[in-house]
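2 protein chains.
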Amino acid sequence: MDVLIPLDRAAEQPLRDQVYTGVRAAILDGRLPPGARLASMRELARQLGVARFTVDDAYDRLASEGYTEGRRGSGTYVGDLQALPIPPQPASHPANRAERPARDWHVKLSAWGKRLPTVSPDLEPEPRLTFTFDTGTPALDAFPTAIWQRLQARETRKQEHAHFDYGASPGLPAFRGAIADYLARSRGVRCTPEQIVVTSGTRQSIDLLARILVDPGDPVLMEDPWYPATRLTLSAAGAQVRPIPVDGDGLCVDALPEHGTPAKMVCVTPSHQYPTGGVLSLPRRLALLQWAERTGTLIVEDDYDSELRYGARPVPALAALGDAGPAGRNVAYVGTFSKVLFPALRLGYVVLPPDLVGPFAMAKNLTDRHAPTLLQATVAAFMAEGHFERHLARTRRLYAGRQAALLDALASEMPDIADRHPYATSAGLHFLVRFAVECSEEELIRRAAAVGIGLDGASSCFVTPPSKPHILLGYAALPEEQIREGIRRLADLLGAGG
Amino acid sequence: MDVLIPLDRAAEQPLRDQVYTGVRAAILDGRLPPGARLASMRELARQLGVARFTVDDAYDRLASEGYTEGRRGSGTYVGDLQALPIPPQPASHPANRAERPARDWHVKLSAWGKRLPTVSPDLEPEPRLTFTFDTGTPALDAFPTAIWQRLQARETRKQEHAHFDYGASPGLPAFRGAIADYLARSRGVRCTPEQIVVTSGTRQSIDLLARILVDPGDPVLMEDPWYPATRLTLSAAGAQVRPIPVDGDGLCVDALPEHGTPAKMVCVTPSHQYPTGGVLSLPRRLALLQWAERTGTLIVEDDYDSELRYGARPVPALAALGDAGPAGRNVAYVGTFSKVLFPALRLGYVVLPPDLVGPFAMAKNLTDRHAPTLLQATVAAFMAEGHFERHLARTRRLYAGRQAALLDALASEMPDIADRHPYATSAGLHFLVRFAVECSEEELIRRAAAVGIGLDGASSCFVTPPSKPHILLGYAALPEEQIREGIRRLADLLGAGG
Numbered sequence: 372m373d374v375l376i377p378l379d380r381a382a383e384q385p386l387r388d389q390v391y392t393g394v395r396a397a398i399l400d401g402r403l404p405p406g407a408r409l410a411s412m413r414e415l416a417r418q419l420g421v422a423r424f425t426v427d428d429a430y431d432r433l434a435s436e437g438y439t440e441g442r443r444g445s446g447t448y449v450g451d452l453q454a455l456p457i458p459p460q461p462a463s464h465p466a467n468r469a470e471r472p473a474r475d476w477h478v479k480l481s482a483w484g485k486r487l488p489t490v491s492p493d494l495e496p497e498p499r500l501t502f503t504f505d506t507g508t509p510a511l512d513a514f515p516t517a518i519w520q521r522l523q524a525r526e527t528r529k530q531e532h533a534h535f536d537y538g539a540s541p542g543l544p545a546f547r548g549a550i551a552d553y554l555a556r557s558r559g560v561r562c563t564p565e566q567i568v569v570t571s572g573t574r575q576s577i578d579l580l581a582r583i584l585v586d587p588g589d590p591v592l593m594e595d596p597w598y599p600a601t602r603l604t605l606s607a608a609g610a611q612v613r614p615i616p617v618d619g620d621g622l623c624v625d626a627l628p629e630h631g632t633p634a635k636m637v638c639v640t641p642s643h644q645y646p647t648g649g650v651l652s653l654p655r656r657l658a659l660l661q662w663a664e665r666t667g668t669l670i671v672e673d674d675y676d677s678e679l680r681y682g683a684r685p686v687p688a689l690a691a692l693g694d695a696g697p698a699g700r701n702v703a704y705v706g707t708f709s710k711v712l713f714p715a716l717r718l719g720y721v722v723l724p725p726d727l728v729g730p731f732a733m734a735k736n737l738t739d740r741h742a743p744t745l746l747q748a749t750v751a752a753f754m755a756e757g758h759f760e761r762h763l764a765r766t767r768r769l770y771a772g773r774q775a776a777l778l779d780a781l782a783s784e785m786p787d788i789a790d791r792h793p794y795a796t797s798a799g800l801h802f803l804v805r806f807a808v809e810c811s812e813e814e815l816i817r818r819a820a821a822v823g824i825g826l827d828g829a830s831s832c833f834v835t836p837p838s839k840p841h842i843l844l845g846y847a848a849l850p851e852e853q854i855r856e857g858i859r860r861l862a863d864l865l866g867a868g869g
Numbered sequence: 372m373d374v375l376i377p378l379d380r381a382a383e384q385p386l387r388d389q390v391y392t393g394v395r396a397a398i399l400d401g402r403l404p405p406g407a408r409l410a411s412m413r414e415l416a417r418q419l420g421v422a423r424f425t426v427d428d429a430y431d432r433l434a435s436e437g438y439t440e441g442r443r444g445s446g447t448y449v450g451d452l453q454a455l456p457i458p459p460q461p462a463s464h465p466a467n468r469a470e471r472p473a474r475d476w477h478v479k480l481s482a483w484g485k486r487l488p489t490v491s492p493d494l495e496p497e498p499r500l501t502f503t504f505d506t507g508t509p510a511l512d513a514f515p516t517a518i519w520q521r522l523q524a525r526e527t528r529k530q531e532h533a534h535f536d537y538g539a540s541p542g543l544p545a546f547r548g549a550i551a552d553y554l555a556r557s558r559g560v561r562c563t564p565e566q567i568v569v570t571s572g573t574r575q576s577i578d579l580l581a582r583i584l585v586d587p588g589d590p591v592l593m594e595d596p597w598y599p600a601t602r603l604t605l606s607a608a609g610a611q612v613r614p615i616p617v618d619g620d621g622l623c624v625d626a627l628p629e630h631g632t633p634a635k636m637v638c639v640t641p642s643h644q645y646p647t648g649g650v651l652s653l654p655r656r657l658a659l660l661q662w663a664e665r666t667g668t669l670i671v672e673d674d675y676d677s678e679l680r681y682g683a684r685p686v687p688a689l690a691a692l693g694d695a696g697p698a699g700r701n702v703a704y705v706g707t708f709s710k711v712l713f714p715a716l717r718l719g720y721v722v723l724p725p726d727l728v729g730p731f732a733m734a735k736n737l738t739d740r741h742a743p744t745l746l747q748a749t750v751a752a753f754m755a756e757g758h759f760e761r762h763l764a765r766t767r768r769l770y771a772g773r774q775a776a777l778l779d780a781l782a783s784e785m786p787d788i789a790d791r792h793p794y795a796t797s798a799g800l801h802f803l804v805r806f807a808v809e810c811s812e813e814e815l816i817r818r819a820a821a822v823g824i825g826l827d828g829a830s831s832c833f834v835t836p837p838s839k840p841h842i843l844l845g846y847a848a849l850p851e852e853q854i855r856e857g858i859r860r861l862a863d864l865l866g867a868g869g
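Chains as they are written, first to last, in the numbering used here: chain A, 372 to 869; chain B, 372 to 869.
If we strip away everything but chain A, and leave its shape as in the complex, we get:
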């Protein structure tokens, strides 16, 4: 064998891997054709100035992967590449973990790829601490797993062809029907099942709306403060995101622009403004619908947490009010099962104005075809048999208690430190709380984590982050006793009271 095997003794890659790679490259590029005899291990070790076992290792691997064959007593030969077997090396083989120099792919990213954030707060879940005040997580311990399990098993056992084969991109008809009935009953939203497209959750709903409607540079209006994930998705789409202030009645409709380039959409969270927790008042809703009609803007109504009100009656959805006039055609109603069933389910939906159903369904079709059918069938059965509304009623009672426990604990443990946001209402899974402390939000979160308390910062929700730390205190996923104990420890940490 007279081929050059380049070795780099300064490289992190072990020499045995360099020998393997070098010989394999020579075989694959034809310098060592099928049938050619390889240098003996002893020869090659001498030639390269490496230990004999280094070459042994490399030859063993080449033989075990079928690149070479040994003929008894006559050395090692290149094998028949057309019948090359599949190398059986496990993924954990050290060669797979060798560092390779990074190529600068970044310069080749698309404009969209370049607009992606380089860090996302929720790419990987945070480690769970003893007292994690999760913002968007419902009471997973209260989820009726046994009922779910029974329905899931039943839908699986049915072995209906339609449950296993490719399905309809807008969603399983039974599921869309169950959603339409539920929305009519509970939110006053009247739509046909055909106006509903099932998605993988609110994030996909917003992304697909942005994709079919927003070109780079287009203005899009958002509440300030806002839901950061929606903001990131719209910014990646290239939208010029324009913040509109929020007050105790929700979005300040008077501050919406009447002139200039019309916005493609205005994104609102009217049932439970994220993050402040306020409710968009009925007069504001009517004014917003009229403004949208006047300017031809699509209202994206993210109605998350609308199911979770513990006191006052819910205000009708914008999509429910809209059909009193042609304005209903300007509302895309976005719903999710993450907060009312469980987040890892990844199911949500959009109720679309009739003219947008076609493009949105086609966008879903081309981007991921459809949502998993057995999950859709299970939720459809869960809704049709009344478990969904029973679960909602149960969790509403549970959350009302947990919310009260949190408010009590804050009032008794740190009355001078923790202020609930003035717009907050008795609803949802979290409160926005201002902490009158001297440290930064980041430092507060770090110090709390050190004593087992998990906190979510709210600074990414604001155009201009407030001077004092703001924390999204979620109470839904913690039992009352843990809420009280967590706040007690937090108060100790911050030297509150006593």
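Incorrect hints may have been included.
When chains are identical, the list treats them as one kind, so a pair holds in a single copy or across two.
[As the list claims (entries may be wrong)] In silico EDC-like cross-links for lysine to aspartate or glutamate, where the CA-CA straight-line distance does not exceed 20 Å:
1. K529 / E756
2. K479 / E629
3. K529 / D512
4. K485 / D589
5. K839 / D787
6. K839 / E814
Rather than coming from a laboratory, the hints here were simulated on the basis of the structure.
Starting from the known structure of chain A, arrange chain B on it as the hints suggest.
Quick look at chain B alone, frame taken from chain A:
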């Protein structure tokens, strides 16, 4: 009440709904403020020139939805809108189905939205016929539902917080580990679990790659003929799709451009060229890797059906050969569970060059956060316990028999009419078959459907559709006897043989 209720007697909307809508609009926009007295039913009926029961109906509905209140003996009054209850009308109420004039949203669609196809062949599943020769559907009757059901139940019952709460965007660690081990064992692809991102299937894998890499106008190379869904996704991204011919050894690497604007990616189906069924030869694979390295192009290796070979040994994946040199950094390896488990599962994955892992994972995070966790956990258990490879071995035997049955039936029933494509190999779930008949592909499909035979046309796979009808004959989802009977009937229909 002195408000104008506009009625259009020529409209399709029933008059009672027009009266309801008109009064409701007057209430909502303040012309009829809370507490105002409505005209009596008799008065309003006279005023509008409609029957009394028309107004009765409308008033009943307004009262039942809380827009109005009756005071005993003193008429009907506008209610307290702040406490407006939620109307309990079901979605199937006729008013919800009334036709409304379409607004032209199309002009407001984004450039991407405008590039979406207006019809997609798979937006809704085709109705199943007695003999449906499905192209992409595996043997659902051979799927081990009982085992699946047991693992799914076990993963659900574990009630692990991580199975129900938000998860990692690149996928469940146990699932990514199982995929990495499987790829190393069966396809020679060596990667770390960290290089794998779980997606909702190949369609999303291609879409996210296009999103992070392709700007409108960028050249992208594809096989001709090609997989139509990938073609549509890339065209929607605005790519200039350039076809590269295919022969019996797969993609004609010599035909790849060496100069001009470098392509962002070249998309290939090397294990089972879609739709011809050929295999990219080893020398072509090596040449393709070298070309990609030279031109800095990303190879998108859609390795579908690589698991389903019934004769010859599989050729190593491009991603497996690549790591013999730096070219491995140019391959994104795309895999799917649709063809080996079941399509409605909606799970696939991409093995990414290290530098693309970050942008791709971030794209997944912003577009739909992550794949459903319980499904990922169930497949991970199915793989870790050996069920996956046992199922593959079983279906390979089954498909070899079904494929042979189809070939026999074609040879004996219509030897002069049906020609299997010359590049086809003994692999996959379908054959491409040319029909020497006088009618068009569309007519052939329509005539077959009329006698209960479902056929998939292949004309959308070709830049220049061939003159004779080409059909993708899937054999995986039909028992052998049904394959024989279906082909017999098709032969009768076409007047083949005797």
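Open item on the list: Of all the hints numbered above, which does this structure not satisfy? Sort the numbers upward.
Closed with: When the structure is compared with the hints, none of them turns out to be violated.
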